[in-house]
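Enquirer: Each chain is listed here by its residues.
Protein chains: 4
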Amino acid sequence: MELDQYDNPSIIDDCSVPPRVSRKSKPDPAIVDVNGLRFGSEKVVIIAGPCSVENHEQLMETAKAVKSAGGMILRGGAFKPRSSPYNFQGLGEEGLKYLAEARAITGLPVVTEVMDTRLVELVAEYTDILQIGSRNMQNYPLLKEVGRLRKPVLLKRGMMATIEEFLLAAEYILNQGNEQVILCERGIRTFETSTRNTLDLSAVPMLKHLSHLPVIVDPSHGTGHRWMVPAMAKAAVAAGADGLIIEVHYKPEEALCDGHQSLSPDEFTRLMTDLRKIAKAVGRDIY
Amino acid sequence: MELDQYDNPSIIDDCSVPPRVSRKSKPDPAIVDVNGLRFGSEKVVIIAGPCSVENHEQLMETAKAVKSAGGMILRGGAFKPRSSPYNFQGLGEEGLKYLAEARAITGLPVVTEVMDTRLVELVAEYTDILQIGSRNMQNYPLLKEVGRLRKPVLLKRGMMATIEEFLLAAEYILNQGNEQVILCERGIRTFETSTRNTLDLSAVPMLKHLSHLPVIVDPSHGTGHRWMVPAMAKAAVAAGADGLIIEVHYKPEEALCDGHQSLSPDEFTRLMTDLRKIAKAVGRDIY
Amino acid sequence: MELDQYDNPSIIDDCSVPPRVSRKSKPDPAIVDVNGLRFGSEKVVIIAGPCSVENHEQLMETAKAVKSAGGMILRGGAFKPRSSPYNFQGLGEEGLKYLAEARAITGLPVVTEVMDTRLVELVAEYTDILQIGSRNMQNYPLLKEVGRLRKPVLLKRGMMATIEEFLLAAEYILNQGNEQVILCERGIRTFETSTRNTLDLSAVPMLKHLSHLPVIVDPSHGTGHRWMVPAMAKAAVAAGADGLIIEVHYKPEEALCDGHQSLSPDEFTRLMTDLRKIAKAVGRDIY
Amino acid sequence: MELDQYDNPSIIDDCSVPPRVSRKSKPDPAIVDVNGLRFGSEKVVIIAGPCSVENHEQLMETAKAVKSAGGMILRGGAFKPRSSPYNFQGLGEEGLKYLAEARAITGLPVVTEVMDTRLVELVAEYTDILQIGSRNMQNYPLLKEVGRLRKPVLLKRGMMATIEEFLLAAEYILNQGNEQVILCERGIRTFETSTRNTLDLSAVPMLKHLSHLPVIVDPSHGTGHRWMVPAMAKAAVAAGADGLIIEVHYKPEEALCDGHQSLSPDEFTRLMTDLRKIAKAVGRDIY
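Residue numbers (the working numbering), protein chains in the order written: chain A, 9 to 295; chain B, 9 to 295; chain C, 9 to 295; chain D, 9 to 295.
Next up, chain A with everything else stripped away, as it sits in the complex:
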């Protein structure tokens, strides 16, 4: 009996990292290139936008505000996974069209979530990055389907997924031939209830240690509180994140979802200034 180990942590074995995502198989960081924005490079990429596409004005105004503040990619949900069937489920294809229009107007690439294997092709037509949401991290048919694309995939960590399971989910995508995967820590579920989730920033150095894939952080879902987003966004960059995905709404108080965790354009503009300082302090820069 090795009694000395009682107070020691359990250590993830490098050997349990699946081969295609493992840093062992590819010691240099993978770069996922989205219209010249290089996730995994020395530049930090900031994605911002509303939780969901609500209507034409909301998306266009928010997109312009994101662009003007220095955001690089626009987020916005057209198909929304909501806990209740009675909540707003998203605009569907109409939302995708608004996203395409916002891209045309602002020049920002867009990222949006896909939830259904039957809609992967449709969503891929409209978007620059396909997002797999937290609830679908282990939706294997969906992972295989986006693995058959040759487009970047933003894979969010399941709220109850271990680091090992997260990497195995990414492996499903790479195993189909699509190597353009961006990992996203967005908070895990714990006993703590003062925050919406517990943002596990340790996942950033851990994932970058075990895998060559780029890693970004979602401080909006990770905390659930607008006023906490700046602190945790800065902490994420200090911890080594390759990017952030932040909820911004031109009128947070009127948002159909996640208004309480969305920044206003002014708040986002101020945050961008602060983030540049942090990026510099860790020897990086922001696009």
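It cannot be assumed that every hint is accurate.
Where chains are identical, the list cannot tell them apart; a pair therefore holds if satisfied intra-copy or between any two copies.
[Stated by the list, open to error] Under the rule of at most 27 angstroms between Cα atoms (straight-line distance), these lysine-lysine pairs were calculated in the DSSO-like manner:
id: 1; residue 1: 51; residue 2: 285
id: 2; residue 1: 159; residue 2: 285
id: 3; residue 1: 288; residue 2: 51
id: 4; residue 1: 152; residue 2: 105
id: 5; residue 1: 32; residue 2: 159
id: 6; residue 1: 34; residue 2: 75
id: 7; residue 1: 72; residue 2: 32
These are computed hints drawn from the structure, not numbers from a lab. Source: prediction; values computed, not measured.
Since the structure of chain A is provided, determine the placement of chains B, C and D on it from the hints.
Expert: Structure of chains B, C and D alone, referenced to chain A:
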């Protein structure tokens, strides 16, 4: 039925914060002064040292290394809470004497843990800050006992404690008249096993929002991996921490406990340089 | 400030239960009838069979053993959600055909998992109950799709799902018009690692209190240890479960998955005897 | 890389069980005898009584009700660990005296909690079993102190303690020479909030598998809801528990703490009848 709330986070009610620790009762941050080092001020305070006091040489050599790298306070355990009765339990009073000697040699104030109500007076004679460890966060007789002192107390968050329970534990100390309490986030227990604990950095802005007490972070216990400590130490300062407590050992590979999560003097020296940059980036400084 | 509430538990509000699954909307328990086996009645229903359909012999031999021991419904996976893409993914449609053959031979209705919206129709042709697995509990397009069927659905609780989220997932199915939903507690993810999951038997009385839907328990996934299955199966019936779903394999030591948590036919036969005694002790019976 | 293990549970290694509590060191179950009531025998022992001793009438009336319903041991807290310093902290030594009087009147042995090393001797004078509460499971000085006694100790599992840590805490007591330890599962902390804790009944067969010590269950703290206590009490006995500890109050609606989870004398009387049936169904009996 308020269906809209299904996807909303649970929000801690300011009203559930107990009165003496609440920021409402004292809008300005409390300053806990330890020999002129002011926790809660614009200066960030770095505590460093070994997990446990092992012998004379180990402590003196480590203390000098901490001092030389710019550490401000020396940590070291004389009474150790170990999961197994067969693990090293600490040197007891002999350890306290070594700490006093290290303080005399280096000029560094010292912090050490007290676990037993019967030993509070003894430990208080030797140390500048008394630490209440994670396992004793809800040891109410002990909280009351250190509450009767007029010495700073470093209260570590229980690995299973909510933010609300953490503040209630601090309230036990303040309620006895001792207002010199420093809160310490040191990682919570979750389902994730790749790290020793899940360092909940969101606790930093949350605690500072709800309470006027200073908040520090322990990235060593929070991660359990030496190589992750720098990333998480930087993230903690970026998130707004008023200080850090870091395990440093002059020969980590020979440590009786926590060697795998202890920095060498060289690693600690490099980290101090990096931390100054982060502190500057958030408008603060390090002593 | 209501200080008295500090030590009180948080209480789920009856009002937060969605309307169609709520017991308030339908005070009598719903009966889900599968070929005359009535889930939710005074009779306890036992489902048993292998984790996955591996080959013809394995399924037929196991099905006969289940039948002979008194099992009432046959389980077996044709499409398997596996954490790693390199694990056995199931036989697919070939597996469905074997299930149909096993039903023809033994007369046992069958239940199998569906993971992909595109396969719902196909799976529904072959099976008596469609299972939505733990990882897909919040796969809303899939929930809607099975909601359009008029066939029983066995909905497993997500390993990270609260009781409230579980009921909301069921509501998605009922909201499409399919009221034949059987809820299944199968263990949640916690910090404890000695068992595969933590079987939350409190969910049985809680779900039956809040909803009119029948509730069954999966002690095989809930524990991950063959030797613990009998104790927890008995506990589940004592707690008021309307049924059990148990992994049985004719040669557990040769199983392609979950062998360590599968009962042999002899073990299952003995368990059936013990379960009848427990069912009697709580005023119920087993078919 | 052993990919097959990805879907397998982590298994507690028998070798990680400390020697004195291990079943390997003592294959037969240990019997802890309290005035002839033998924990760990074929007889199930029922402990009941109020959360805390509130006043003379409350304790005497409740004690008589417990006795009359067939309860065998009286519980009642004199020193109460409360999350808030402003909650009722217990009557202290006065409470111990009332417990002694209740024992004299009813003949029931008593169990009460001790929280402070300085009070172990005092509490031991008045009580038949000393309880170590959940929050003190890793209070090592306290464990050592009760380990020096030669009286039964009821050790409650920490709300965030693994099975391994629980057994190591018991080992601290046995290692001091006191082998009369009764383990108590009382619910662990998880993400689920509809119950006060998540009662981990799997701990019963697991602990009995790994250790020779008797195991009891606390369904009152485990659920936090009076109406759930009977279901979970029955489930605990079905799972193999050697006893139960149940909160009973002669007027639950007036209780100073835990009234919402306390049974009335009538409810407790009915439960005793039901428990006898379950005990019989698993080949045991109730005293």
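Enquirer: For this structure, which hints from the list above don't hold up?
Expert: 2, 6 and 7
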